[in-house]
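Participant: Residue numbers (this note's numbering), protein chains in the order written: chain A, 1 to 166; chain B, 1 to 166; chain C, 1 to 166; chain D, 1 to 166; chain E, 1 to 166; chain F, 1 to 166; chain G, 1 to 166; chain H, 1 to 166.
One should not assume that every hint holds.
Unchecked claim - If you only want the chain B side, here are some residues facing chain F, beta carbon under 8 Å, derived:
1. D91
2. K96
3. G97
4. L98
5. A117
6. I118
7. G119
8. L152
9. A153
10. V156
11. R157
12. A159
13. N160
14. L163
I should point out that these hints are in silico values taken from the structure, not numbers from a laboratory. Backbone N, C-alpha and C fix where the C-beta goes; we use that ideal spot for every residue, glycine too.
There are 8 protein chains.
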Amino acid sequence: MANTPQVGILMGSESDLPVMQEAGNILAEFGIPYELIISSAHRTPVETHDYAVNAAKNGRKVLIAGAGHAAHLAGVLAANTTLPVIGVPIDSSALKGLDALLATVQMPGGIPVATMAIGKSGARNAGLFAASIIATANPELQEKLNQYRASLAEKVRAANARLQAK
Amino acid sequence: MANTPQVGILMGSESDLPVMQEAGNILAEFGIPYELIISSAHRTPVETHDYAVNAAKNGRKVLIAGAGHAAHLAGVLAANTTLPVIGVPIDSSALKGLDALLATVQMPGGIPVATMAIGKSGARNAGLFAASIIATANPELQEKLNQYRASLAEKVRAANARLQAK
Amino acid sequence: MANTPQVGILMGSESDLPVMQEAGNILAEFGIPYELIISSAHRTPVETHDYAVNAAKNGRKVLIAGAGHAAHLAGVLAANTTLPVIGVPIDSSALKGLDALLATVQMPGGIPVATMAIGKSGARNAGLFAASIIATANPELQEKLNQYRASLAEKVRAANARLQAK
Amino acid sequence: MANTPQVGILMGSESDLPVMQEAGNILAEFGIPYELIISSAHRTPVETHDYAVNAAKNGRKVLIAGAGHAAHLAGVLAANTTLPVIGVPIDSSALKGLDALLATVQMPGGIPVATMAIGKSGARNAGLFAASIIATANPELQEKLNQYRASLAEKVRAANARLQAK
Amino acid sequence: MANTPQVGILMGSESDLPVMQEAGNILAEFGIPYELIISSAHRTPVETHDYAVNAAKNGRKVLIAGAGHAAHLAGVLAANTTLPVIGVPIDSSALKGLDALLATVQMPGGIPVATMAIGKSGARNAGLFAASIIATANPELQEKLNQYRASLAEKVRAANARLQAK
Amino acid sequence: MANTPQVGILMGSESDLPVMQEAGNILAEFGIPYELIISSAHRTPVETHDYAVNAAKNGRKVLIAGAGHAAHLAGVLAANTTLPVIGVPIDSSALKGLDALLATVQMPGGIPVATMAIGKSGARNAGLFAASIIATANPELQEKLNQYRASLAEKVRAANARLQAK
Amino acid sequence: MANTPQVGILMGSESDLPVMQEAGNILAEFGIPYELIISSAHRTPVETHDYAVNAAKNGRKVLIAGAGHAAHLAGVLAANTTLPVIGVPIDSSALKGLDALLATVQMPGGIPVATMAIGKSGARNAGLFAASIIATANPELQEKLNQYRASLAEKVRAANARLQAK
Amino acid sequence: MANTPQVGILMGSESDLPVMQEAGNILAEFGIPYELIISSAHRTPVETHDYAVNAAKNGRKVLIAGAGHAAHLAGVLAANTTLPVIGVPIDSSALKGLDALLATVQMPGGIPVATMAIGKSGARNAGLFAASIIATANPELQEKLNQYRASLAEKVRAANARLQAK
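I would like the entire structure built from these sequences, with the hints used as guidance.
Facilitator: As structure tokens, then:
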């Protein structure tokens with residue numbers, strides 16, 4: 001189906017939505033269908049497990065998971081699928097996301113989670129990274145990524161031009 | 001059954017056994033039947049899930065989980081049972097167990113994991129804490145805990161006596 | 001007595017009450033009688049010692065202690081009782097609770113403190129964990145814990161439903 | 001060409017080879033052609049830049065970069081290609097890889113680096129993650145990944161069987 | 001030319017300008033011509049590379065680079081020039097600049113970056129340090145630095161006098 | 001009595017003796033009578049409490065406490081005496097003494113512990129600091145401290161002379 | 001002279017005054033004459049050196065130094081006097097006082113600095129600790145310290161009474 | 001004089017010599033006269049002060065200071081000269097040089113210290129950075145730096161050639 005989500009973006013709590021929506025916004029810019037799902041590694045473990053187990057046959061190509069505190073969501077997804085799983089640590093505890101970062105990135109051998117920076121910039125990069133994965137088999141998307149990258153450079157150049165004009 | 005394990009001690013890897021055996025040794029001192037299980041949150045998620053889901057009806061009263069790196073095992077067990085779950089962070093990564101500590105202790109609201117110190121002293125304390133849980137409904141075991149505590153004090157006093165005699 | 005507190009919730013300072021009340025609220029939900037006590041490891045050491053020494057014979061089954069800075073309260077209680085002691089690190093210093101976390105969790109061998117996450121979610125989990133300890137000998141309470149857990153899952157599902165309906 | 005490397009594994013120093021070879025070994029297990037390249041972000045910036053700029057047209061699909069200290073290699077590659085770049089922090093400084101981890105993972109918005117755990121297990125996971133990316137358009141490889149995952153589970157089960165047989 | 005900038009102050013993002021302007025203000029106090037440039041290590045790598053490669057022949061004597069997150073800008077400049085490069089870590093991520101500090105200071109052997117404190121005081125010190133470099137061959141500027149230092153002492157003495165007069 | 005110990009050096013475990021003996025050695029150099037005591041905040045809380053409560057009337061003028069892990073010993077002494085208490089964090093856990101440092105130094109308002117560096121140099125400094133406290137009312141001891149300080153300077157000068165003679 | 005300050009409280013910057021005044025307030029409660037001095041280890045090194053060198057002969061018995069960032073003030077004082085020096089780390093940088101704490105407490109062997117907690121509670125404790133040093137030779141002051149301690153306990157008891165009365 | 005040292009390399013202890021000699025070796029490669037001096041900020045503060053105060057008129061152009069623990073040496077030098085001061089944190093404490101890094105780099109506004117990486121690679125970079133400062137007024141030395149940089153690149157290329165030839 002044309003509209004089958006290619007990327008599943010999961011988060012454990014409604015409060016993580018403002019961060020994880022950033023990943024979705026990037027995917028939308030690239031025309032990649034995605035879905036946002038609230039599913040908790042700890043509070044709805046069965047749904048989370050089932051989502052991961054069925055993700056590939058349901059047409060997902062990449063999963064993105066955002067979580068704070070002892071962030072287990074990305075790891076739990078990765079344990080139940082061999083699709084690429086991208087983790088976004090969220091700064092929602094007293095430790096400012098250091099806990100979520102270490103709980104996401106320090107995965108033991110065999111079960112990789114591709115970890116991004118803490119917070120919104122990490123969520124945007126998760127969207128971009130998912131696009132770059134899909135683009136490995138999609139030259140048109142690859143070209144869009146190149147154009148997006150060029151537009152980032154253009155924004156830096158414009159900012160510099162504003163500064164020089166002061 | 002008299003010998004049904006009351007405590008399940010789980011670890012994700014054979015290499016964690018020298019640490020987690022310490023928990024078992026303490027339980028053995030108190031005559032509490034236990035079992036040691038290798039089951040990985042990430043590599044055998046289904047077995048781990050099933051163990052947790054069935055632990056209560058199989059007669060377990062307390063679970064202990066030891067893990068290093070992004071230590072998810074205790075959290076995954078806690079997500080699938082309401083038995084008390086005790087977590088032991090293990091120092092098996094470059095970050096000396098700080099990653100395992102934060103990934104174990106910083107659980108989000110709703111799914112507690114009772115976290116002990118990093119490494120062998122944490123594993124011993126996990127055994128003791130499991131005993132103290134069981135003892136809340138077992139006066140005889142409570143009395144053994146009191147005697148054990150007295151024996152710890154006696155060892156400190158003996159060490160001090162040796163020092164004063166120098 | 002029916003109303004003898006089964007759980008003692010201690011804190012060293014009145015300013016910790018908004019955090020530690022969360023533990024009490026959870027216990028109230030489960031119908032477990034508890035008491036909130038302000039008693040400082042450092043400023044009222046005798047009262048703190050006496051509370052711990054007498055806790056078991058006064059009918060307490062579990063103690064919960066919340067403290068910030070160099071958080072010694074849980075450890076001091078644990079040194080004077082063999083009841084299960086649960087520690088809640090509180091974020092009340094410049095170091096954002098990392099000091100309280102390490103001072104609570106890194107207990108030496110022999111004297112366990114079951115440590116929860118920093119702050120309010122840790123306090124709620126302390127209440128839940130205390131309930132799970134008491135439930136090991138109380139099937140009715142165990143059943144309530146299972147229902148509570150199911151309600152947490154239901155809330156996640158409801159949040160997801162709201163999101164999908166957008 | 002059948003043997004065109006699909007994955008480029010770069011490192012800044014010969015001393016990083018024992019770690020980064022682990023990524024290559026995994027790719028070899030999956031029959032994915034790769035190359036190992038020593039190229040420094042700081043000491044051979046032009047070669048590093050040129051490698052990244054030409055990687056896509058030279059047939060690379062994924063890049064892996066390992067570095068210690070202030071690890072810039074993955075970020076410099078990512079700045080010059082829109083191929084997926086995977087970063088492996090290496091523990092080669094006094095700070096045990098925490099510096100390399102933060103310098104790799106905390107990329108600003110727009111230029112993602114998919115970060116793995118510090119050291120050899122991270123390098124192995126980088127190889128696996130690269131395979132999972134390529135597998136998104138290669139069902140046969142996807143199947144191999146599933147088999148590999150099954151073999152990891154089997155090893156855990158075998159270890160548990162050995163333990164139970166003691 | 002009299003007005004050729006002797007110091008180039010680079011930053012990766014317009015949002016870093018309020019911090020890096022502090023370095024410029026100090027240079028202005030000493031009458032040292034400087035320029036402020038927005039150029040990103042990751043989003044405009046070619047411009048950044050070209051700036052560094054041509055800095056010496058364009059008359060720059062010292063470069064200052066400010067960046068947050070995984071701060072690569074100073075390192076990328078240092079990789080492409082042998083002029084002295086001064087790095088200013090900026091506190092713009094959840095980790096409060098610790099990431100930027102480590103990513104700036106922990107440079108591998110061969111490519112030094114002179115790192116200052118995180119944030120505005122670091123930016124001011126970067127300006128002063130650039131002045132002290134230029135002053136090594138400019139006795140008049142050296143004298144101005146001595147006077148500036150004397151004025152700092154005078155301010156401390158005046159503050160103390162105010163305090164004693166209370 | 002001439003030989004009444006003026007300084008009590010306490011430690012929780014025999015294994016801390018090689019570190020804490022350093023404090024005693026310094027005191028011996030200054031002719032200050034001291035005693036070394038093994039007494040644990042957690043395993044012999046009553047003896048530890050009694051020692052602190054009676055320290056002043058038994059002639060102690062300063063207490064020194066060394067502990068690792070969640071180091072509570074100095075704090076527990078300080079809670080039970082208003083004599084000056086000096087804390088020495090010991091590096092005996094996976095976290096390299098950072099836990100002991102924070103658990104010793106981050107005391108809440110009202111109950112100070114004078115904290116030294118982690119390990120043997122901290123223990124030596126604890127001895128010196130105890131001497132400097134006693135010297136505030138003992139001009140002869142003050143003079144000895146000045147001579148000791150001069151001897152430290154002499155050692156540095158001698159080391160420099162050796163270096164210059166190479 | 002009756003009013004010769006016995007305690008010198010130094011700080012490097014006027015902005016540290018609200019923290020360090022807390023130390024003075026405590027000393028005032030005990031009737032101990034003190035002075036507050038702004039003198040910077042880095043900006044007025046000669047005055048700072050001279051203050052320390054002459055402190056003993058000017059009648060000071062204890063020095064207290066508060067500083068943020070790379071806090072050198074206490075160490076510089078301690079290098080130039082054998083009077084007891086107490087250090088108070090101040091949270092005035094991006095790193096929340098962790099830098100000041102480590103720069104104050106980790107003194108090398110031979111030159112102790114008695115370090116207190118970060119911030120205002122540390123400053124209050126510095127005042128109390130200075131009082132406890134002076135009290136070692138002043139039984140009347142020792143008695144006041146005991147009363148102060150008793151008043152702290154009374155406040156905790158009163159807070160608990162308020163809580164129980166709710 | 002032709003042989004007047006242009007760079008003074010200071011360290012507080014003989015045990016730091018193996019690290020700091022690396023800085024000297026680099027300067028020797030470039031034919032820059034230097035001296036190695038043992039002088040402690042804390043144990044020989046007068047000599048250290050005098051060295052800094054007289055460094056400029058004695059012909060020094062740059063100072064390098066290496067220190068561990070609460071590393072104050074570079075800051076103390078910088079407080080007493082306006083010559084450029086480069087700091088090298090040394091890993092000689094339990095905290096692995098993190099203490100020395102923060103105590104060196106987090107200098108307050110007005111007194112910059114140019115901080116290098118922890119340990120030997122930092123010392124080498126200190127030598128290189130001193131050379132780059134002197135080279136700002138010495139085109140011949142600038143050319144040598146460019147050649148040195150080229151030789152570093154050549155070594156990387158040679159290492160890569162060896163790897164490709166395997």
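Participant: Quick check on the hint: B:V156 CB to chain F CB, less than 8 Å?
Facilitator: Because about 5 Å separates B:V156 from the closest Cβ in chain F, which is inside the 8 Å limit, the hint holds.
Participant: Let's test the interface hint: is any C-beta of chain F closer than 8 Å to that of B:L152?
Facilitator: OK, holds: B:L152 within 8 Å of chain F, min 5 Å.
Participant: Taking the closest Cβ pair, is B:L98 under 8 Å from chain F?
Facilitator: 7 Å, holds
Participant: Would the hint on B:G97 stand, with a C-beta cut-off of 8 Å toward chain F?
Facilitator: 4 Å, holds
Participant: So, B:D91 near chain F? Judge it on the closest CB pair being under 8 Å.
Facilitator: 4 Å, holds
Participant: Return the status of the interface hint for B:G119: holds when the least beta-carbon distance to chain F is below 8 Å, violated otherwise.
Facilitator: Interface hint status for B:G119: holds (5 Å vs cutoff 8 Å).
Participant: Identify whether the interface hint at B:A153 stands, where standing means a beta carbon of chain F within less than 8 Å of its own.
Facilitator: Interface hint status for B:A153: holds (5 Å vs cutoff 8 Å).
Participant: When the nearest CB of chain F is found for B:N160, is that gap smaller than 8 Å?
Facilitator: 4 Å, holds
Participant: Would the stated hint for B:K96 survive a check requiring a Cβ distance to chain F of less than 8 Å?
Facilitator: 5 Å, holds
Participant: Any CB of chain F closer than 8 Å to the CB of B:R157?
Facilitator: 7 Å, holds
Participant: Regarding the hint that B:L163 lies at the interface with chain F, is the smallest CB-CB distance below 8 Å?
Facilitator: 6 Å, holds
Participant: Would the stated hint for B:A117 survive a check requiring a Cβ distance to chain F of less than 8 Å?
Facilitator: Result: holds, 6 Å to nearest chain F Cβ.
Of the numbered hints stated above, none is contradicted by the structure.
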